[in-house]
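Those protein sequences? They're chains Y and Z, same order as listed.
For the first sequence, this note's numbering assigns the number 1657 to the last residue and increments by one with no breaks.
For the second sequence, this note's numbering assigns the number 1657 to the last residue and increments by one with no breaks.
Worth flagging that the hints you see were computed from the coordinates, not collected in a lab.
Treat each hint with caution, since some may be false.
Rough simulated footprint, nothing fancy, chain Y against chain Z, three-plus residues with beta-carbon under 8 Å [claimed, not checked]:
# : stretch
1 : 1285-1299
2 : 1472-1483
3 : 1581-1589
4 : 1630-1639
Quick partial rundown of chain Y residues pointing at chain Z, CB under 10 Å, derived from the structure [stated by the list, open to error]:
#  : residue
5  : 1298
6  : 1361
7  : 1362
8  : 1415
9  : 1478
10 : 1485
11 : 1487
12 : 1490
13 : 1586
Some chain Z residues flagged as far from chain Y (calculated, every beta-carbon gap over 10 Å) [unchecked claim]:
#  : residue
14 : 1311
15 : 1336
16 : 1362
17 : 1364
18 : 1462
19 : 1494
20 : 1569
21 : 1624
22 : 1626
Built from N, CA and C at the ideal position, the CB exists for glycine as well.
Chain by chain, the residues:
Protein chains: 2
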Amino acid sequence: MHVLFADAPHLRILRLLRDEGPVSRAELGDRLELTRPRLLAEVERLVAAGLIAEAGMAASRGGRRSTLVEISPRLRFAAVDLGASSIDIEVTNGRLEPLAAYREPADIRTGPKVILQRVNELLSKARTDGAYERLDAVGIGVPGPVSFRDGVPVSPPIMPGWDRYPVRELLAREHGCPAVVDNDVNIMAIGERHGGVAHSVDDFLFVKIGTGIGCGIHLAGTVYRGVDGCAGDIGHIQVDASGPVCSCGNTGCLEALFSGAALARDALAAARAGDSPALAERLAASDGLSAKDVADGAAEGDVTCIRLIREGGRRVGGVLATLVSFANPSMIVIGGGLAQLGHVLLAEIRSVVYRRSLPLATGNLPVVLSELEGRAGVTGAAVLASDMAFEQAS
Amino acid sequence: MHVLFADAPHLRILRLLRDEGPVSRAELGDRLELTRPRLLAEVERLVAAGLIAEAGMAASRGGRRSTLVEISPRLRFAAVDLGASSIDIEVTNGRLEPLAAYREPADIRTGPKVILQRVNELLSKARTDGAYERLDAVGIGVPGPVSFRDGVPVSPPIMPGWDRYPVRELLAREHGCPAVVDNDVNIMAIGERHGGVAHSVDDFLFVKIGTGIGCGIHLAGTVYRGVDGCAGDIGHIQVDASGPVCSCGNTGCLEALFSGAALARDALAAARAGDSPALAERLAASDGLSAKDVADGAAEGDVTCIRLIREGGRRVGGVLATLVSFANPSMIVIGGGLAQLGHVLLAEIRSVVYRRSLPLATGNLPVVLSELEGRAGVTGAAVLASDMAFEQAS
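Next up, chain Y with everything else stripped away, as it sits in the complex (with noise of 0.2 Å):
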């Protein structure tokens, strides 16, 4: 209640352009209830910016006919995924449409200048395809923590090298327009919150399972990064005091437990020791084992593949049962390259989160997969590069 939620006019109106398409004037004003002078105004400002374009004439609502405005179909955003292990980049138009996808294999730990010289050659051949001449903002999310006001990696554990590289400044310069920086897991729960299962949602908790484990944390419809840009690094609570050590150098952390590097350490030690089929023939066939394997097996009904997976999900969802009596959302998503797991890991987390939070806070409470998958990351880039070009047309 100490706080009015106040964006400014035409923030609003570039938004509500950039999710929803062709609108009228007249519903415009209606829906942002702005009087129609305030309206027309930032309308004929925000056109000469560049910013929105008429787009013809609304169907009639009785009286004089309103004439449709859009968000220029000239602006350009480019969006950019980091994973532990991959590059993902998407070219988008004003609607976050993507003109050009690419998606490659790439190490992280290779550091800051082989990563970003990379994206540049790929948004080099994205301009090459035609997708874009000039960009209008760029945004970037790299797999740890970020000081979001700075633009800048902070001390991120599995990025060696990137330990306040001026990501922004040297994305920014690149291309000529402004750029942001944020955690990984942040953006896929802005994407999920822009185009999945969270649409709208103001209060609720994506949960990233791949390589590592993270939580993005989105409460009163925005992203609550911490005081120092770590707030969802959930990998790293202890479940088990003797568990096996993490590479963080405690013992019993959650991903030490359950984690994509975790699950194919499990499935090898299960295939060595004989106690399953499914992942012995596979391991046979190839050189190791991964998280899609026992996914497989899983869906084979190899006892020992859902067990594990039973067991990471029982897990998390300790974890999630804490977090939901703190933090009492209205949604709990799970995203991430585990999420390919699907059903057998979410009713286990679901198992616990129901029996184990406050009755209270679980009565109404979904907990869902992931509507973007893979493409979570590269919608929630593009959304923050938007709102950046807004905000910085004000």
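Starting from the structure of chain Y, add chain Z where the hints point.
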């Protein structure tokens, strides 16, 4: 970045005068970045509404001397903090200074009719004692989840008969002024931010350890209450699957292992088992044991008392380490009755939090005791009441 925090000018003026005392018009304009005509119009309106008053001439700043304004000396707020076993009431002036204060034992389980009648009797007494003629707002905290929007308790576990009882409506009608209802831990967090150790801190957790355990979550400058009003209800987080059965029906909840009630139970067992001379002596001299007996025993160096406190601190610390990794706050404040266990408790909590949370999140994280102690709740209730009165004045 999606949000501009833009409180209305009249709210900013009223809060500044409430919190800092008389200020000149010139300084008000500078500090709130309001143009002189805008400021003068707002001040004139607030004087006419009886919310602020002239307060003489300011010291010269070189040019024409500016006149001071202050929060109206006629304003009166009632602040009520209902605990599981107590009623605390203060009546304050517009600067939230107490003019009358009452504290007495009361069992919340006797139900809303009895408790609210007693609240009204104490407020009548304050009027008879000359603390006020009429109230401008009432703020009340209750020991359970609250729908802040509806002004009612919601499924409060230790408050039989209070579920959806129209607390706000009845208080507002009785006193002919706005009323506001919140959870007791939330008002303690608000109080600590207003006048305690968390002064002006935007992101912190206030952990109350008393009869039960709860957490006030203050993020981005405001209390976060969750979608059902039960955010921060951390007492029922499971910390030991093989632990004792909790009043909620689950096993191994944090507050079943460490809280006022749990500590009294463990102290009694230790005294009877002959493990603690200090506790045995105190038990012989009275009917039972309380947290205070354990605190006193620890102060005398009784090993069992110290062990009980340290074990409790370890439990609380483990949960807080998880919450720190999740929320990345800038401070943790420990309050409630068991804060009297003091530095033995605090040292153990700190040790676990600093060891188990992410280093980035604890690099600059104070874990401190409440400064307001028993007054945190009524202080926060007075802040809420005044905010409500100020908002309704718009």
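Results for each hint:
Three residues within the 8 Å Cβ limit are the bar, and the stretch 1285-1299 of chain Z against chain Y gives 0, so the coverage statement is violated. Figure legend: the stretch 1472-1483 of chain Z, annotated as covered by chain Y; annotation consistent (4 residues with Cβ-Cβ distances under 8 Å, at least 3 required). Proximity of the stretch 1581-1589 of chain Z to chain Y, defined as three or more residues with a beta carbon under 8 Å from a beta carbon of that chain, is established by the 7 residues found. Counting residues of the stretch 1630-1639 of chain Z whose C-beta lies closer than 8 Å to any C-beta of chain Y gives 0; at least three are required, and the coverage claim is violated.
Interface restraint check for residue 1298 of chain Y: the shortest CB-CB distance to chain Z comes to about 18 Å, outside 10 Å, so the restraint is violated. The beta carbon of residue 1361 of chain Y comes no nearer than 22 Å to any beta carbon in chain Z, farther than 10 Å, and the hint placing it at the interface is violated. For residue 1362 of chain Y, the shortest C-beta to C-beta distance to chain Z is roughly 25 Å, which exceeds 10 Å, and the interface hint is violated. Nearest Cβ of chain Z to the Cβ of residue 1415 of chain Y: about 13 Å, over the 10 Å cut. The hint is violated.
Interface restraint check: residue 1478 of chain Y against chain Z, minimum CB-CB distance 7 Å, threshold 10 Å, status holds. A least Cβ separation of about 5 Å between residue 1485 of chain Y and chain Z falls short of the 10 Å threshold, and the interface hint therefore holds. At a threshold of 10 Å, the smallest CB-CB gap from residue 1487 of chain Y to chain Z is about 6 Å, leaving the interface hint in force. Checking residue 1490 of chain Y against chain Z by beta carbon gives a least distance of about 4 Å; that is within 10 Å, so the hint holds.
Hint status for residue 1586 of chain Y: holds, given a least beta-carbon distance of 6 Å to chain Z, under 10 Å. In this structure residue 1311 of chain Z is separated from chain Y by more than 10 Å, as the shortest Cβ-Cβ distance comes to about 23 Å. The claim that residue 1336 of chain Z lies off the interface holds: its Cβ sits roughly 24 Å from the closest Cβ of chain Y, which is beyond the 10 Å cut-off. Every CB of chain Y lies more than 10 Å from the CB of residue 1362 of chain Z, the least distance being 25 Å, so the non-interface label holds.
For residue 1364 of chain Z, the requirement that its beta carbon stay farther than 10 Å from each beta carbon of chain Y is met, with the minimum near 25 Å. Residue 1462 of chain Z, annotated as away from the interface, keeps every beta carbon of chain Y farther than 10 Å; the closest lies near 15 Å. Its beta-carbon lying about 4 Å from the closest one in chain Y, residue 1494 of chain Z breaks the requirement of being farther than 10 Å from that chain. Listed as outside the interface, residue 1569 of chain Z is consistent with that label: its C-beta sits roughly 22 Å from the nearest C-beta of chain Y, beyond the 10 Å cut-off.
Consistency note on residue 1624 of chain Z: stated as away from chain Y, yet its beta-carbon is not over 10 Å from all of that chain's, at 5 Å minimum. The claim that residue 1626 of chain Z lies off the interface is violated: its Cβ sits roughly 7 Å from the closest Cβ of chain Y, which falls inside the 10 Å cut-off.
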